[in-house]
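Peer 1: So you can see what is in the structure, the chains are spelled out below.
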Amino acid sequence: MVSGLRIIMLLIVLLLSVSFFVSVFYIVNKERRENITREAVTTLNTLSESISSDIERYKEISRLVMMDDGLVTFLKATGTPVDAVFINDTRSSIMRVLNPTTMVDSVFGFRDDGIYIVSNRNRYSMDFSIINDPEWKQAIEDQKGGAVISVNADGGISRVVGRPLVSIGRTVYDVNTQQRIGMIIMNISSAFMDKKLISISDKKIAVIGTDGTLLSGNDSVPALLCGLDINISEDIVHREIKDGNTNLLLSIKQLPQMPIYIAVATPIENGFVMYGTIYVLLGLLLVFMFAIAVAGMYITRYITKPVSDLTRALDETTEKGTLKQIDIDIPENEISVLKDSYNGMVERVNNLFDKVLDNEKAIRRAEMRMLHEQIKPHFLYNSLETIGYLAMEAGAEDVHKALETLGSFYRNFLSKGEREITLKTELNIIKDYLALQKLRYGDILTDEYDIAEDTLNCRIPKLILQPIVENSIYHGIRLKGEMGLIRISSRFVDGLLHLSVYDTGIGMPQEQIDEILSKKQYNGDTDSAFADIYDTSDSFGLWGTIERVRGFCENDDVVSIRSEQGEFTEVEFVIKPRTR
Amino acid sequence: MYRVMLIDDELPVRKLMLSSIDWASLDMEVVGEAASGIEAINVIDDMRPDIAFVDISMPFMNGIEFTEVATKNYPELIIIIMTAFDKFEYARKCVSLPVFDYMLKPMVRTEVTDTLLRAKARLDARLGDRSKSLVFGSAAPQDDSADEGGSVSEQIMRYIEANYTDSCVNLTSVAQQFGFSSSYLSRKFKQETGRNFLEYLTECRMKKAIELAENNVKMYKASAAVGIPDPNYFGRCFKKFTGKGYSEYVR
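In order, the protein sequence lines correspond to chains L and U.
When the first sequence is numbered by this note's numbering, its final residue is 573 and no position is left out of the sequence of numbers.
When the second sequence is numbered by this note's numbering, its final residue is 293 and no position is left out of the sequence of numbers.
Just chain L, with the same shape it has in the complex:
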């Protein structure tokens, strides 16, 4: 029982620890991802906003450029030859607009007739198949004066040496006629982003064109993007990828209406975790387990052990077959209350037993008294005396003597209802009884008495020898058909009173002796006695007397029977003397 409880406790502790660590692991992971994601989103949004606003600013500048008179003149001047002066004028006009700005790499002005102007003398690689692509141009025109952002003008213009460009394309209209007069493409060096990225340098972060051109930032990022299916419809896309041994969270945001992504790759392991909270939880767990251990010890010491002690004590009293109060050391708690109430119950039950026993004894006494009353000894004695007198008058001396014996027998036999009488009285009963039996059956026996003088005044249970003598006559001597001898002896041996009835009857076999001495109920009911009223096996009187003596002495070993078949039977009682 104790070990069972311990196992349960251990299991609980184990389960708690396992579930704690599993959930901690789970929570930590989740927390990390959420934190990383949140950070990435913040970074992306900040960057996106910052870059977008810069680009917006450049868009404004491009509008100024678009409306620059020099450029407009250049674009409108169809048919006019384009000489160096004209170009210089136009360039300086544009540069005037651009002067206060930084990072603008160049402005390209395209006339619809194919002639174009560049605001500086850097070397560019031009792909006119793109720039002159009607579809591409139409996309810019569709903005109705708005700007279209692209990277390196979608491959149309790029620096031969230098950083990739962010291109702002615009269609230019005549202010007065609203007629299309050309197209400008203002290129901004992607270096304008570097500053912004440097402030968040602890992450792998990059700005990338949709075509994979690294505009700014960590150059390992574009490779990570390879093979990823990025759905542009989402605001921010998060992907977990593996780069070598590190798990990375890749978060990607497209700048609004621009073919530009911002990508942030954060190692998940680096995610911020609230270890403080976990340590607090761990501490709580330890405290809790300690509490369980203490509770377990408490339960063991104050409940389990007392309960098992109590159970053992109860079992012991049950085995002994008596209801005894339990006296074991138990701590003061509910268990001791249980013990106390059990003891209380035992006391009550024992009281009830005693009460029932007393009642039973009272009933027995009442019955005995009633029987005694029914016999009406006085009436009997008086009648016997009267008849005795009549017999004397008629000269029947022997009748008087017989009546006298009968009267004496009954007086001793009843003994005023006492349970104990002296051996002397018992012997008188036997002598009278045998005298009367001799009258009935003639001289079938002689009686002898071998009585130690000092035993005469011993008090013995009433009528313990007479039924044995009666048994000797009916189940011993009469069945033998010969003159029999009954010898009563009494003596003290080692302070114990030995009383024996010896007869020279037919004796009894050992099995019958064993049966009589056995405690089991002798078949004394009338049905089984039907066929053998005087059968030798019907020794109920003997058995009943033995039981009575055993009960009186509260000891089963007070009687012994010795016999030899055809020779003798001797019944001996050994009892503690009571003298008074």
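Simulated from the structure, these hints should not be mistaken for laboratory data.
Here a beta-carbon is modelled for each residue, glycine too, at the ideal position from N, C-alpha and C.
Among the hints, a few may not be true.
Partial selection, computed: residues in chain U whose CB lies under 8 Å from chain L [said to hold, decoys possible]:
#1 Glu52
#2 Pro101
#3 Tyr262
#4 Asn274
Please arrange chain U on chain L, whose structure you already have, making use of the hints.
Peer 2: For chain U alone, kept in the frame of chain L given last:
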């Protein structure tokens, strides 16, 4: 005169019964006594009673057992059970036995007389019905053809010699065995052998008993061995036969 038999193991009870009832005025006479069921079965054929007073409490064969045997062999016999108070309720349980009446001890003369008067009335009525036949009266020989010299008696003697150890062997049981009425057998046996049947049976038993006594067999064992399991009755028979007590034979 109707014949009455008293069966009780106490001599004083029998004597009291014998002397306190005015038998003659009831047209009855006490023809025999027995101190046990065994003795009664042995002597009943000689007594040929019409009425039997039977005590229940007797050793070896109690009143109930005796009644069982007697009603089988002597269906006409009127049996009156006498019983002490403590056995009375138990005696009541044997109502299946054809017992004429149960009477409680100690005996009260008027009650006994009343019962006897009723018994007499029944016997009178039976006599009226079959005036020619008495219970143990002059039964006519049933089968004279069996009269082949002494062979029947010899057969019977051989039968007795072979079966006397059985305590149930008596005149009536042997007669039933051989298909005679007991009175016929009794007469015929006497005629042919010149001896009384019971005397012959007892002689067989006593000869064996003497033999046993000389071999130092205990009396109660010898008595059971020769078919008289009541050692008291056996002792009397032995003394009557030999003139000496059994123990005197035992050395």
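Peer 1: For every hint, state whether the structure bears it out.
Peer 2: Each hint tested on the structure:
no., hint, result
1, Glu52, "holds (5 Å)"
2, Pro101, "holds (4 Å)"
3, Tyr262, "holds (5 Å)"
4, Asn274, "holds (5 Å)"
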